[in-house]
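There are 4 protein chains.
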Amino acid sequence: MIPMGSGTSASRYVKAIHEVLKSSGINFVPGPMSTSLEVKSLQELFWVIDAANERLKEMGVQRIVTNIRIDCRLDKEISIHTKLEAVGP
Amino acid sequence: MIPMGSGTSASRYVKAIHEVLKSSGINFVPGPMSTSLEVKSLQELFWVIDAANERLKEMGVQRIVTNIRIDCRLDKEISIHTKLEAVGP
Amino acid sequence: MIPMGSGTSASRYVKAIHEVLKSSGINFVPGPMSTSLEVKSLQELFWVIDAANERLKEMGVQRIVTNIRIDCRLDKEISIHTKLEAVGP
Amino acid sequence: MIPMGSGTSASRYVKAIHEVLKSSGINFVPGPMSTSLEVKSLQELFWVIDAANERLKEMGVQRIVTNIRIDCRLDKEISIHTKLEAVGP
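Chains as they are written, first to last, in numbering that gives the first Met the number 0: chain A, 0 to 88; chain B, 0 to 88; chain C, 0 to 88; chain D, 0 to 88.
A hint or two may mislead.
[Said to hold, decoys possible] In silico lysine to aspartate or glutamate, EDC-like type, Cα no more than 20 Å apart, as pairs:
1) B:Lys-14 / C:Asp-70
2) D:Lys-14 / D:Glu-53
3) B:Lys-56 / B:Glu-18
4) B:Lys-56 / A:Glu-43
5) A:Lys-56 / A:Glu-18
6) B:Lys-39 / A:Asp-49
7) D:Lys-14 / A:Asp-70
8) C:Lys-21 / C:Asp-49
9) A:Lys-21 / A:Glu-43
10) A:Lys-56 / B:Glu-43
11) C:Lys-21 / C:Asp-74
12) D:Lys-21 / D:Asp-49
13) D:Lys-39 / C:Asp-49
14) C:Lys-39 / D:Glu-53
15) A:Lys-39 / B:Glu-53
16) B:Lys-39 / A:Glu-53
17) B:Lys-14 / B:Glu-37
18) D:Lys-21 / A:Glu-84
19) A:Lys-75 / B:Glu-53
20) C:Lys-14 / C:Glu-57
21) C:Lys-75 / C:Glu-37
22) B:Lys-14 / C:Glu-84
23) B:Lys-39 / B:Glu-76
24) D:Lys-14 / A:Glu-84
25) C:Lys-39 / C:Asp-70
26) C:Lys-56 / D:Asp-74
27) D:Lys-39 / C:Glu-53
28) D:Lys-56 / D:Glu-18
29) D:Lys-14 / D:Asp-49
30) B:Lys-21 / B:Glu-53
31) A:Lys-39 / B:Asp-49
32) C:Lys-39 / D:Asp-49
33) C:Lys-56 / D:Glu-76
34) B:Lys-75 / A:Glu-57
35) C:Lys-21 / C:Glu-43
[Claimed, not checked] Pulled a few chain C residues facing chain D out of the computed Cβ check, cut under 7 Å:
36) Ser-8
37) Gln-61
38) Arg-62
39) Ile-63
40) Val-64
Just so you know, these hints were derived from the structure itself, not from any lab.
All residues carry an ideal CB built from backbone N, CA and C; glycine is no exception.
Build out the structure end to end from the sequences listed, making use of the hints.
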C-alpha cells in the first residue's frame with residue numbers, strides 16, 4: 000500500500016498496517032519492498048485488506064494505491080515456510 | 000491473473016474472466032497487459048476477484064497468480080473515464 | 000510510476016512520461032491504471048524507463064515507485080494488437 | 000519472474016535466478032512472494048534482469064512474465080537494511 004499526498008516517508012503507515020496484521024493473528028513476514036501474508040482463504044485476505052485500508056483512512060491518507068499479489072495453489076498445500084524452503088538457501 | 004501449469008497461452012482464461020465481468024455488470028476496460036475495473040467498493044472488487052478465481056478453478060487451472068492494483072481516492076470521485084481524460088489525449 | 004511526496008494528483012507526471020514515449024517513437028497505449036508499451040528488446044524497455052525516471056527527477060519528484068510488468072514470449076511474435084485481438088471483443 | 004508453460008512448480012527457476020544474483024555480487028533477500036535486490040543504479044538493475052531472463056531462456060522457458068517494483072529515493076540514502084529497520088520489529 001502506497002499513500003500518495005502524504006510525504007516521501009511511509010514507515011509510519013507500514014507500521015500501522017503491521018499492527019492490524021498482528022492483532023488479526025495472521026502469519027506475516029515483513030520485507031523491504033512488501034509484506035507477505037499467509038491466509039487460509041481469499042475471504043481472510045479480503046478482510047485484512049479492508050481493515051488495513053480503513054486504518055490508513057483513519058490516519059488521514061487521501062489516496063491509497065495498493066498492490067496485491069496472490070499465489071493460489073490447488074495442487075498442493077503451501078505456506079510462507081514451504082515457499083522459502085523450496086528455493087533456499 | 001496468470002495461470003501456471005496450463006501452457007504459454009492464456010487467452011481462453013482471459014476471455015472466461017471477461018465473461019464473468021460482463022455478467023456481473025461491472026464496467027471494465029480490457030488492456031494488453033491487464034484488465035481495468037471500475038467498482039464502487041472494495042467489497043464489489045473482492046466479490047468479482049473471487050468469482051474470477053472460481054471460474055479458473057472450474058476450468059482446471061492448478062495454480063493462479065493474481066496481481067491486483069487498487070487506486071482508492073478519498074479526496075475526489077474518479078472513474079476509468081476521468082482517469083483517462085486527465086492524462087490524454 | 001507513482002510519485003510520493005508530490006500530492007494526490009499524478010496526471011501531470013503521467014502526461015510528461017507520455018511525452019517521453021511519444022518523442023521516442025515507441026508504440027504505447029495509455030490505460031486507466033497503467034501504460035502499456037511495445038518494445039523490441041529489454042534494452043529498448045530499459046532505455047525508456049531510465050528516460051521516464053530522469054524526466055520525473057527533473058520535475059522535482061523526490062521518491063518514485065515504479066511497477067513494471069514484462070511479458071516476454073519466445074514461442075511466437077506478439078504485439079499490443081495481437082494481445083488485444085486474442086481476448087476480444 | 001513467472002514462467003508460463005512450465006508446470007505449476009517454479010522453484011528450480013527461482014533457484015537458478017538466485018545463482019545469477021549470487022555470482023553478480025548483488026545484495027538480495029529472498030522472500031516468499033518475490034526477491035528484493037539492492038542496486039546502486041537502474042543500470043545495475045537492468046543488467047541483472049537481463050541476465051536472469053537469459054538464464055530462464057537457456058532453461059527452455061517459452062514465456063516469462065516479470066514483475067518489477069523499483070523504489071527510487073532522491074531525498075535520502077536507503078538500503079534493504081534501513082527499509083526493514085524503519086518499520087520493525
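Evaluation of the provided hints:
no., hint, result
1, B:Lys-14 / C:Asp-70, "holds, 18 Å"
2, D:Lys-14 / D:Glu-53, "holds, 14 Å"
3, B:Lys-56 / B:Glu-18, "holds, 15 Å"
4, B:Lys-56 / A:Glu-43, "holds, 19 Å"
5, A:Lys-56 / A:Glu-18, "holds, 15 Å"
6, B:Lys-39 / A:Asp-49, "holds, 14 Å"
7, D:Lys-14 / A:Asp-70, "holds, 18 Å"
8, C:Lys-21 / C:Asp-49, "holds, 15 Å"
9, A:Lys-21 / A:Glu-43, "holds, 14 Å"
10, A:Lys-56 / B:Glu-43, "holds, 19 Å"
11, C:Lys-21 / C:Asp-74, "violated, 29 Å"
12, D:Lys-21 / D:Asp-49, "holds, 15 Å"
13, D:Lys-39 / C:Asp-49, "holds, 14 Å"
14, C:Lys-39 / D:Glu-53, "holds, 15 Å"
15, A:Lys-39 / B:Glu-53, "holds, 15 Å"
16, B:Lys-39 / A:Glu-53, "holds, 15 Å"
17, B:Lys-14 / B:Glu-37, "holds, 18 Å"
18, D:Lys-21 / A:Glu-84, "holds, 18 Å"
19, A:Lys-75 / B:Glu-53, "holds, 17 Å"
20, C:Lys-14 / C:Glu-57, "holds, 14 Å"
21, C:Lys-75 / C:Glu-37, "holds, 15 Å"
22, B:Lys-14 / C:Glu-84, "holds, 11 Å"
23, B:Lys-39 / B:Glu-76, "holds, 10 Å"
24, D:Lys-14 / A:Glu-84, "holds, 11 Å"
25, C:Lys-39 / C:Asp-70, "holds, 12 Å"
26, C:Lys-56 / D:Asp-74, "holds, 11 Å"
27, D:Lys-39 / C:Glu-53, "holds, 15 Å"
28, D:Lys-56 / D:Glu-18, "holds, 15 Å"
29, D:Lys-14 / D:Asp-49, "holds, 16 Å"
30, B:Lys-21 / B:Glu-53, "holds, 16 Å"
31, A:Lys-39 / B:Asp-49, "holds, 14 Å"
32, C:Lys-39 / D:Asp-49, "holds, 14 Å"
33, C:Lys-56 / D:Glu-76, "holds, 16 Å"
34, B:Lys-75 / A:Glu-57, "holds, 17 Å"
35, C:Lys-21 / C:Glu-43, "holds, 14 Å"
36, Ser-8, "violated, 20 Å"
37, Gln-61, "holds, 4 Å"
38, Arg-62, "holds, 5 Å"
39, Ile-63, "holds, 5 Å"
40, Val-64, "holds, 6 Å"
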